[in-house]
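Chemist: Sequence:
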Amino acid sequence: TTCIIFLLNIFFSYIFPKKIISCSSNSIRKHILFGYSKKFMHINNGIDLNYFYPNNQIGLKFRKKYNIAKDTFLIGILARYSPQKNFNTLIKSLGNLKKNNIDFMCMMAGKNISIQNKNLNKLINKYKLNNNCILCDEIQHTNEYLNSLNVHILPSSYGEGVSNSVLEALACGIPSIISTVGDYESLSITNEFIFKKNDYLELSKKISNYKKNIKNKNYLVDIKKRSLNLAENNFNYDNFIKNYVNLWKK
Numbered sequence: 001t002t003c004i005i006f007l008l009n010i011f012f013s014y015i016f017p018k019k020i021i022s023c024s025s026n027s028i029r030k031h032i033l034f035g036y037s038k039k040f041m042h043i044n045n046g047i048d049l050n051y052f053y054p055n056n057q058i059g060l061k062f063r064k065k066y067n068i069a070k071d072t073f074l075i076g077i078l079a080r081y082s083p084q085k086n087f088n089t090l091i092k093s094l095g096n097l098k099k100n101n102i103d104f105m106c107m108m109a110g111k112n113i114s115i116q117n118k119n120l121n122k123l124i125n126k127y128k129l130n131n132n133c134i135l136c137d138e139i140q141h142t143n144e145y146l147n148s149l150n151v152h153i154l155p156s157s158y159g160e161g162v163s164n165s166v167l168e169a170l171a172c173g174i175p176s177i178i179s180t181v182g183d184y185e186s187l188s189i190t191n192e193f194i195f196k197k198n199d200y201l202e203l204s205k206k207i208s209n210y211k212k213n214i215k216n217k218n219y220l221v222d223i224k225k226r227s228l229n230l231a232e233n234n235f236n237y238d239n240f241i242k243n244y245v246n247l248w249k250k
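With the first letter of the sequence shown counted as 1, position 166 gets the number 166 in this note's numbering; the numbers rise by one all the way through.
Treat the hints as calculated values from the structure; they're not laboratory data. It is possible that some hints are incorrect.
[Claimed, not checked] Only pairs whose alpha carbons sit at most 20 Å apart, straight line, appear in this in silico SDA-like list of lysine to any residue:
hint, residue 1, residue 2
1, Lys99, Thr72
2, Lys250, Asn239
3, Lys126, Ser165
4, Lys111, Lys99
5, Lys215, Asn150
6, Lys224, Asn209
7, Lys122, Gln140
8, Lys92, Lys122
[Said to hold, decoys possible] Simulated DEER-style distance windows between Cβ atoms:
hint, residue 1, residue 2, range
9, Lys212, Lys250, 42 to 52 Å
10, Leu49, Ile21, 18 to 28 Å
11, Asn119, Tyr53, 27 to 37 Å
12, Ser82, Lys250, 35 to 45 Å
Just so you know, even glycine gets a beta-carbon here, dropped at the ideal spot from N, CA and C.
Please construct the entire structure, taking both the sequences and the accompanying hints into account.
Modeler: What follows is the structure in structure tokens.
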């Protein structure tokens with residue numbers, strides 16, 4: 001059934017739509033290779049910069065809620081629990097950090113990220129990370145969560161286009177270390193925030209290097225500035241709306 005629907009979508013892409021909108025350049029390339037019409041138009045996702053912006057105060061307040069000290073190096077992931085999001089690679093990389101005596105906490109948030117998730121807790125126990133991981137489940141105010149982090153991780157193994165959680169983190173001045181999946185190049189400020197998918201050792205090294213580098217205040221200020229610029233210039237919600245309005249006018 002899935003194959004039939006897929007083939008029908010290819011067929012109908014030449015007949016019905018005047019334009020096919022996608023937020024992902026990588027997705028457009030793949031669909032055209034599969035045989036879809038070339039009627040695609042790329043429009044970036046937009047982030048509400050009035051909600052997602054740097055705010056140390058709400059970040060510290062969020063840390064206090066979970067008894068996390070101001071100077072604790074805090075890693076985060078904002079994603080639902082699924083094979084696509086590749087929590088295995090993240091947990092293994094955290095295990096390697098702990099093995100190398102690197103101090104950190106990791107706060108995970110998203111659907112099914114809770115103590116009721118037996119598979120996730122089993123993985124955390126396997127790498128003896130019970131005292132390093134906090135499972136928040138779904139949270140209401142993601143701007144508070146993101147502002148509490150030092151770095152955000154997106155370790156996906158497949159199926160990504162342009163992740164909203166990465167964009168939201170960037171808008172808060174928080175860089176994301178992301179895997180080579182989807183439009184990863186357009187979401188990263190430098191190569192130091194990109195790792196080969198499923199390579200937990202490289203991810204671990206990237207996290208460790210970033211932890212060392214942020215001791216340099218000039219480096220940290222530069223990274224925050226570049227993160228903000230990327231969000232404001234490429235993923236501004238106002239531009240997102242304008243692009244859709246302009247398309248409809250045509």
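Chemist: So which of those numbered hints doesn't the model satisfy?
Modeler: 3, 4, 7
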